[in-house]
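Engineer: The primary structure of each chain is shown beneath.
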Amino acid sequence: MAERAFHVARLPGFATTAIIVFVALYLPIFTLVAYSFNASTSLAIWGGFSLDWYAKAWDNQQVKDATIRSLIIASFAAAISTTVATMAALGTTRRRAFKGQTLIYVAINQPLMVPEIVTAVALMIVFGLIKVWLTSIGMGGLTTGLGYLILAHSAFCIPFAYLPIRARLEGMDLTLETAAADLYASPWQTFRRVTLPLLAPGMIAGAMLAFVISLDDVVITEFVKSGGQDTLPTYMLGQMRRQLTPEINAVSTMLLGLTVVLLTAFFLLTRKKT
Amino acid sequence: MTEAVTIEARNAVKAFGQGDHVVRALDDVSIQIRKGEFFTLLGPSGCGKTTLLRLIAGFEMPTSGSILLDGADITELPPNKRPVNTVFQSYALFPHLTVAENVGFGLTMLGRPKAEVQKRVAEMLALVKLEQMAGRKTSQLSGGQQQRVALARALAPQPKVLLLDEPLSALDLKLRKEMQVELKRLQTETGITFIFVTHDQEEALTMSDRIGVMSAGKLQQVGSPKDIYTRPVNRFVASFIGETNFLPATVVPGGVKLATGDVIEVATTRPGAVTLTVRPEQVRLVPAGEPGAIAATVKFLVYFGTDTHCHLELADETEVVARLQSPANGDAGIEPGQAVGLRLAPGAAQVLED
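Quick note, the sequences are listed as chains W and C, same order. Take the first sequence: its letters are residues 3 to 276, numbered as in the working numbering. Take the second sequence: its letters are residues -5 to 348, numbered as in the working numbering.
Worth double-checking, as some hints may not be accurate.
Claimed, not checked - Partner residues aside, some chain W positions facing chain C, computed with beta carbon under 8 Å: (1) ALA181; (2) ALA183; (3) LEU185; (4) TYR186; (5) VAL196.
As the list claims (entries may be wrong) - Every beta carbon over 10 Å from chain W, so not counted as near; a handful from chain C, in silico: (6) GLY59; (7) ALA66; (8) ILE68; (9) GLU110; (10) SER163; (11) ARG170; (12) VAL175; (13) VAL216; (14) PRO247; (15) ALA253; (16) VAL280; (17) THR291; (18) PHE298; (19) GLU313; (20) LEU346.
FYI, nobody ran anything at the bench for these hints, they're computed from the structure. Since the structure is predicted, the reported quantities are computational estimates derived from the model, not experimental observations. Here a beta-carbon is modelled for each residue, glycine too, at the ideal position from N, C-alpha and C.
Given the sequences, and given the hints that come with them, work out the whole structure.
Structural biologist: This is the structure we're talking about:
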């Protein structure tokens, strides 16, 4: 080696900084997981190993209902946002650059930029107006239900589904579609036999990301939900107002486990094949 | 001899852009390609050869003019309705399908029964000598093998015309030579009309039955490789295919007169100032002062192995290159600065249109 090129890892203090950052990031999570096995009722005082809090959480009907509700919303939101995002990605990449393209990107990615609390308040107001109107035309029965939450979640999940799908589309060789057409495939067959299979990893990745984002949401859910519509995160938030026990650690750990599984799958699907 | 015409372009124009920025990629091109011939579209990049190919394939619509297949107008037909297949420059193999699935794609899309598709795929893989690779993913193949899969895939539906868009440009020299022979063999065996696009003049000369030379969106000349090489119609064709000398001249009775005063016997119907072209291998060196020879001075020599290029200067400072076969000891026996005489092989000189 003739020259020592600049490398950030050789700067003084690099290792120390890195360690501090990792500790700051992961210590709280490890603590959370560790104390979910705490035998005592305190969040901070260790009283020996126990799986009691998992059993308690498992038996807690409210936790169960909230979990099921969360999973239903996340599943619908992931499916809807992925479908919409796929169409948006096809519409924005399968053509020559056009005027206003940037504006469309911004519009699609709006939920990433607008403060979530603003979206939450806005949704609450709009849904409120809709509910008033529905009641006025005698369809008050439609003022509750998960539909509102699914709609809200689908909307803010779109950019998360859109980004991996668009990346996948941009990396795709357009000649493949031309080749399919050359080989007697109709436009629909071309989409079905060539575009869609090649896009699938991006769509699955997008759906998983959307699922996790929906599962994790507190702010928008809190503003949009009707009474008795707690999702897992809003249920946990609600518990803070009562007595906190390591049960919340156990629930958090399970949520964390699910997220880790999904994100690992996302990583495996999106990494470049060698 | 009139042969059946398979593909015909009539006054095909393809313009890109709008208003003041219109570029005519194809400028009023008419061409007839005969059934079963190996036809090459030759020209530098941007000459319109690929655009013409894309019009024939149906990937682009002509701005005006029409494309005919076996006498029927197919201008409006989308690519999936044309019995024409393409071998793409990038091969464009489907990465999510196996070799066999790639080759069978066209037939499957045509709705042929599974058994027929399998039989045909096996035949095609045998034809391109890839029987062992049927179950592989295309990414596991070498460049040459991918090229063969692309060929098999395009040939499998037995198209009336096979279009090849610079298919050999990504291969190294040795593989390219092999594939040239392979392509020629496939064309002879299948009897399918091949339209081959290339910017490589040597490839065009060695493989084609006929060549269409293109430049600036126009067809410059169509003819057999020999025609194109020995009787180029204009300066572009003469200089694009092979190396050549250009000599300014004036038409006189019985031939043309060079600026040096020498008269060359050549047939021409054009009056006035013309350009005379002669290939370097048709220029002979003779001792200085030989009667009827053009006086020249040797400037320098370039050794190429099989032959030596002798750069000469005429009395009017026109430069002429003579290609001499290198003698056994490699020494051409002439020195820079030496005075020599030039003779042009009979019939070798051509008067160009422009």
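Engineer: I'd like to know which numbered hints this structure contradicts. Please list them from smallest to largest.
Structural biologist: none
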